[in-house]
Amino acid sequence: MKLNLATLFASSKKLYLAAFFVLTSTLLVAYGPMTSYSQAQAVTDDAFQQLQQKALDELNNRINSYKKTMESLKVDVHVGKDGSTASITSDKGSAKASSNKDATELSLVDANGSTSMLKLDGTGLHGDITISQAAKDKAKQFMQKIIDGLNDMVQKVKDATSLDNLKKLAENIDKQLGLDQLTQVQGLVTQAVDSMAGVLDNLKTTYNNLQTQLTQLKGCLDGLQSGKTSVDVSSTSSGTTTTCGDFKISTEDAQKQAQAQLDSISTVVQTVSSTLASSVTLLTALITSFSSMLSGLGGSDILGNLGSLLSSSQLSSLTNLGSLTSGTGNLGGLMSSFTAILSQLNLANGMSSSSLGSLTSLANVIEL
Amino acid sequence: MDQQTQKRSLRPVWVVVAVLVVFFIVLASAIYLVVRSDGGKQPGAVTTTATGSKEVTKDEIARNLNDLNGSIKQATKDQAAAKAAIDASKNQTKIGS
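Residue numbers (our numbering), protein chains in the order written: chain B, 153 to 520; chain P, 7 to 103.
These aren't lab readings, by the way, just hints derived from the structure by calculation.
It is possible that part of the hints are untrue.
[Stated by the list, open to error] Computed spacing ranges between beta-carbons, pair by pair:
#, chain 1, residue 1, chain 2, residue 2, range
1, P, Lys96, B, Thr275, 44 to 50 Å
2, B, Lys408, P, Thr63, 22 to 28 Å
3, B, Asp280, P, Ala86, 23 to 29 Å
4, B, Asn216, P, Ala86, 16 to 22 Å
5, P, Lys96, B, Asn216, 16 to 22 Å
6, P, Leu33, B, Thr423, 57 to 63 Å
7, B, Ala437, P, Thr63, 38 to 44 Å
8, B, Ala412, P, Thr63, 20 to 26 Å
Every value quoted in this text rests on a predicted model; they were computed, and no experiment measured them.
Glycine included, C-beta positions come from ideal geometry on N, C-alpha and C.
Generate coordinates for the entire structure from the input sequences, incorporating the hints supplied.
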């Protein structure tokens, strides 16, 4: 009996050991794939989160940047829900513009827009150089549509459930980068041209007022001959001052010298005006061209639909617009032209600064 | 005799009339010259120069120069913003790659 119990115990121990080894082997075999699966899942989740975060950061960065530009443009744009109309108000008035379904519908040179150089005659400089309100509104409307499109895209990125879906959205964001950048550059260059027009307007006003003063001075000096006016001599701590009426200048020669100085400033102001006129003409052509290019991308309101462009044909049409970095293609060509406008504006602004110095000196010479 | 007396009695009247006419002519001429030399100034009226434009004060020129300076600064700022955007467009970082 003892022998039987011992044998039984020995045989059951072997059985337990065998079962233990079988179970351990099974667990080990099963654990391998499970570990691999968990690791793969973790990698996928990590990639999804990283891409989602990158996409959201990029979109928010673009939106904030455009909002700043819109703020600098000082406009309040309300695009209609159906995208067919856009009412835009600015500090300089308001206008209604149709959508860019057909770019030719919008006349970019309105009655107030003028691109001729200032004319000079005996009384001063005449004429105005302004960018049309329609062109300004169009540039602002583009900006607002880009912002709306990007906001739609933010929501899509947030709602994405798979990495594949997210990758497609990321591809869309990348491909419309050039378009977004060009739209912003267009808005900023339009603003820069507009502010340069303001500089020219102030130059003209200052020039004309100084011309009027010189004419008054001439009248005072002419009056000396007929005895209607007289030259006053007064002594101060800084020396003797000779005046004719309200002016420091008391001789005809000095008056002629001042007039010659003002005439030479007029040459600079006219050069500023012709440079600005050229910029306005080029900018108007570029806005028209950009608008036509966009309406040619499938004949729909491409800017308004940027947030939902997901088909490969639509994305390739964006890519076909050209590369900005290479400077070739349509977008690249437009960007180069905007850069050229900016160079012209820099030149005009430099000449305006030098004219400001000359006008200030002249005012100090002729005024008491 | 009576006719001669009547003529003599009317002569002072004619003299007074002639003096008055001459006086009014001289007065009218004087008023015309004074008004012309004064430029017909009325309170609140705009004084004109030979070119027909209004007088420009020193303050107005100072304001013009100040406005011009401000607009040049604004233009410089706007151009710098446009240049920054053009420079940023050269950076084509892709998020999908």
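Here is what the structure says about each hint:
{"no.": "1", "hint": "Lys96/P / Thr275/B: 44 to 50 Å", "verdict": "48 Å, holds"}
{"no.": "2", "hint": "Lys408/B / Thr63/P: 22 to 28 Å", "verdict": "23 Å, holds"}
{"no.": "3", "hint": "Asp280/B / Ala86/P: 23 to 29 Å", "verdict": "26 Å, holds"}
{"no.": "4", "hint": "Asn216/B / Ala86/P: 16 to 22 Å", "verdict": "18 Å, holds"}
{"no.": "5", "hint": "Lys96/P / Asn216/B: 16 to 22 Å", "verdict": "20 Å, holds"}
{"no.": "6", "hint": "Leu33/P / Thr423/B: 57 to 63 Å", "verdict": "58 Å, holds"}
{"no.": "7", "hint": "Ala437/B / Thr63/P: 38 to 44 Å", "verdict": "43 Å, holds"}
{"no.": "8", "hint": "Ala412/B / Thr63/P: 20 to 26 Å", "verdict": "24 Å, holds"}
Going down the numbered hints, you'll see the structure goes against none, and every one checks out.
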